[in-house]
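Work the whole structure out from these sequences, hints included.
There are 2 protein chains.
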Amino acid sequence: MIIWVTGANGFIGRHLVRVMADRGYRVHGIGHGAIGDAERHRIGLGHWLNGEIDAANLNALAEHSGLPSTIFHLAGGSSVGLSIAQPFEDFSRTVTSTARLLEWLRGAARDCRLIVASSAAVYGDGHGGAIAVDAATLPMSPYGQHKLMMEQLCRSYAVTFGIRSTVARLFSVYGPSLRKQLPWDICSRLQAGERNLVLGGTGEEVRDWTDVRDVARLLAVIGGTPQTETFQVINAGSGLGTTVARVATMLAEYWGGTVSVRYSGIVRAGDPSSLLADDATLRALPFDWTIPAEQGFADYVSWFKGQSR
Amino acid sequence: MIIWVTGANGFIGRHLVRVMADRGYRVHGIGHGAIGDAERHRIGLGHWLNGEIDAANLNALAEHSGLPSTIFHLAGGSSVGLSIAQPFEDFSRTVTSTARLLEWLRGAARDCRLIVASSAAVYGDGHGGAIAVDAATLPMSPYGQHKLMMEQLCRSYAVTFGIRSTVARLFSVYGPSLRKQLPWDICSRLQAGERNLVLGGTGEEVRDWTDVRDVARLLAVIGGTPQTETFQVINAGSGLGTTVARVATMLAEYWGGTVSVRYSGIVRAGDPSSLLADDATLRALPFDWTIPAEQGFADYVSWFKGQSR
Numbered sequence: 001m002i003i004w005v006t007g008a009n010g011f012i013g014r015h016l017v018r019v020m021a022d023r024g025y026r027v028h029g030i031g032h033g034a035i036g037d038a039e040r041h042r043i044g045l046g047h048w049l050n051g052e053i054d055a056a057n058l059n060a061l062a063e064h065s066g067l068p069s070t071i072f073h074l075a076g077g078s079s080v081g082l083s084i085a086q087p088f089e090d091f092s093r094t095v096t097s098t099a100r101l102l103e104w105l106r107g108a109a110r111d112c113r114l115i116v117a118s119s120a121a122v123y124g125d126g127h128g129g130a131i132a133v134d135a136a137t138l139p140m141s142p143y144g145q146h147k148l149m150m151e152q153l154c155r156s157y158a159v160t161f162g163i164r165s166t167v168a169r170l171f172s173v174y175g176p177s178l179r180k181q182l183p184w185d186i187c188s189r190l191q192a193g194e195r196n197l198v199l200g201g202t203g204e205e206v207r208d209w210t211d212v213r214d215v216a217r218l219l220a221v222i223g224g225t226p227q228t229e230t231f232q233v234i235n236a237g238s239g240l241g242t243t244v245a246r247v248a249t250m251l252a253e254y255w256g257g258t259v260s261v262r263y264s265g266i267v268r269a270g271d272p273s274s275l276l277a278d279d280a281t282l283r284a285l286p287f288d289w290t291i292p293a294e295q296g297f298a299d300y301v302s303w304f305k306g307q308s309r
Numbered sequence: 001m002i003i004w005v006t007g008a009n010g011f012i013g014r015h016l017v018r019v020m021a022d023r024g025y026r027v028h029g030i031g032h033g034a035i036g037d038a039e040r041h042r043i044g045l046g047h048w049l050n051g052e053i054d055a056a057n058l059n060a061l062a063e064h065s066g067l068p069s070t071i072f073h074l075a076g077g078s079s080v081g082l083s084i085a086q087p088f089e090d091f092s093r094t095v096t097s098t099a100r101l102l103e104w105l106r107g108a109a110r111d112c113r114l115i116v117a118s119s120a121a122v123y124g125d126g127h128g129g130a131i132a133v134d135a136a137t138l139p140m141s142p143y144g145q146h147k148l149m150m151e152q153l154c155r156s157y158a159v160t161f162g163i164r165s166t167v168a169r170l171f172s173v174y175g176p177s178l179r180k181q182l183p184w185d186i187c188s189r190l191q192a193g194e195r196n197l198v199l200g201g202t203g204e205e206v207r208d209w210t211d212v213r214d215v216a217r218l219l220a221v222i223g224g225t226p227q228t229e230t231f232q233v234i235n236a237g238s239g240l241g242t243t244v245a246r247v248a249t250m251l252a253e254y255w256g257g258t259v260s261v262r263y264s265g266i267v268r269a270g271d272p273s274s275l276l277a278d279d280a281t282l283r284a285l286p287f288d289w290t291i292p293a294e295q296g297f298a299d300y301v302s303w304f305k306g307q308s309r
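Here the protein sequences line up with chains E and W, keeping their order.
With this note's numbering as the guide, the letters of the first sequence map in order to residues 1 to 309.
With this note's numbering as the guide, the letters of the second sequence map in order to residues 1 to 309.
Source of the hints: derived by calculation from the structure; they are not laboratory data.
Mixed in with the good hints there might be a few duds.
[Said to hold, decoys possible] If you want the ones that stay clear, here's a sample from chain W, every Cβ over 12 Å from chain E, calculated: (1) Ile2; (2) His32; (3) Glu103; (4) Arg106; (5) Cys112; (6) Trp184; (7) Glu229; (8) Ala284; (9) Gln295; (10) Trp303; (11) Gln307.
[Said to hold, decoys possible] Here are the simulated SDA-like cross-link-like pairs (lysine to any residue), alpha carbons at most 25 Å apart as the crow flies: (12) Lys180(E) - Val301(E); (13) Lys180(W) - Val301(E); (14) Lys180(E) - Val261(E); (15) Lys180(E) - Thr160(W); (16) Lys180(W) - Ser65(W); (17) Lys305(E) - Thr249(E).
We treat Cβ as the ideally placed atom computed from N, Cα and C, and that holds for glycine.
Below you can see the structure in the form of structure tokens.
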């Protein structure tokens with residue numbers, strides 16, 4: 001069975017490729033960034049096409065690898081902040097690339113199944129507790145808006161053309177090899193010797209932190225579960241909320257030494273106060289998370305210290 | 001005051017340009033299709049840039065005409081059927097062009113107001129009676145889906161960057177110079193001598209028919225009304241539903257002679273059974289429709305017979 005992963009060179013993509021290769025699939029990929037042969041073999045990736053997701057490149061990859069039976073579509077914008085700084089770039093990466101991929105599937109691989117990484121950012125602000133998968137979507141950043149538009153394109157191609165897709169709305173994914181966002185920022189500052197950290201926001205922001213190793217396994221489980229409807233959306237969070245303050249405390253503790261953390265109180269643009277999954281759609285798969293936050297952040301600190309040696 | 005109309009060469013665009021020019025505005029346009037000088041003067045259009053809506057062309061138009069204070073954005077896909085035959089083309093025309101326009105405004109004309117022609121197709125099927133502007137949106141065609149994505153881009157640029165926009169969801173616009181859709185199809189067949197018409201669907205489909213002359217005036221009224229919120233959506237229908245069967249009967253009657261009309265019973269893909277506006281947002285403008293369906297379709301038959309002589 002031939003599997004493609006778009007954005008296979010990204011944080012989640014590399015973990016997913018490894019998981020799928022370990023399960024015996026032939027895995028190929030397309031997206032931006034060079035991957036050396038040694039690294040390609042290490043993560044279990046067959047062909048890698050470094051380029052835009054467009055018809056010419058998809059045809060070229062198909063010629064090398066054969067047509068895929070499942071595509072994990074992970075390519076796209078990956079930062080709220082960058083989407084505010086360069087909204088058209090985020091639009092192109094997330095929305096236009098998906099439009100091109102769907103159109104290619106319509107012409108060349110109608111039976112291929114698409115599993116799409118979306119984001120809890122589609123929900124926006126104002127959700128107090130666990131967010132049901134059918135809750136109102138009112139994104140507060142271009143990043144979240146473009147992810148929602150990506151989902152809607154998938155729905156449209158499912159309804160009108162029968163192209164099957166499953167949208168997995170990922171929550172706060174972290175873990176080994178994440179080189180951005182809160183855990184990376186905190187560890188980088190601790191590494192640099194800072195001991196009095198001032199973070200943005202209030203510290204009371206709630207996030208549903210999920211370890212990338214669990215997330216990669218989840219995507220594999222979705223890919224291995226027969227799809228009963230042409231289009232479906234899964235809330236890919238754990239249902240367990242952890243505040244930013246708690247994450248900072250854990251990281252500082254696992255790092256060691258005396259660290260104080262304060263908060264500026266200034267809310268970042270595009271940053272909802274709470275994003276926590278109602279995990280009913282996940283339990284129905286079924287899927288169970290195996291890495292609690294305590295272990296995940298401890299492992300993150302170990303990885304961080306190891307990679308910087 | 002400088003006004004731009006994207007898609008000024010289209011059915012609604014030409015009517016709108018005339019209305020705005022008559023009100024004393026300098027009106028310029030960008031979009032696809034050649035417009036000869038004589039025709040340009042006839043409809044009251046200043047500069048016309050025949051090309052894609054992209055940064056280079058928008059800069060070129062601004063150099064010729066000066067920066068606009070209001071842009072009426074009418075360019076985009078205009079057919080449910082074509083959107084099913086060529087979904088990526090419809091996506092590019094409706095979504096990508098809007099993304100480029102918004103991004104250009106963000107950089108070059110942040111105070112410019114955008115008035116965007118969307119469609120009742122964003123609502124989809126399953127709405128029995130008058131549809132409120134905040135009703136659920138679940139488009140059933142790529143055309144409707146892409147219009148909804150266009151709206152969401154506008155909302156996103158309003159929320160994040162303060163670019164003001166008003167979305168007018170147009171219902172079934174018809175009138176002089178419409179050369180497609182039901183009225184055109186029926187008149188063309190009557191013109192060709194057919195007297196036993198077989199139409200698709202059941203004839204019981206309900207539409208909120210609005211005469212393009214009223215619609216152009218409505219868009220002008222929206223443009224002349226101060227915008228109180230950064231982003232707003234207006235349901236640009238009359239609240240009066242007329243079945244397809246009634247429209248066919250009117251057109252046949254105004255045409256003259258004995259005509260029979262039957263229906264295939266086969267519902268067209270992407271075609272909701274009822275699209276009727278709750279016109280509360282329009283009444284609040286305020287705006288009143290002046291051309292009832294009886295007059296509008298009589299005028300349409302007169303125009304059709306006149307243009308084909």
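Hint compliance check: list the failing hint numbers for this structure, sorted ascending. Failing hints, ascending: 3, 4, 13, 16.
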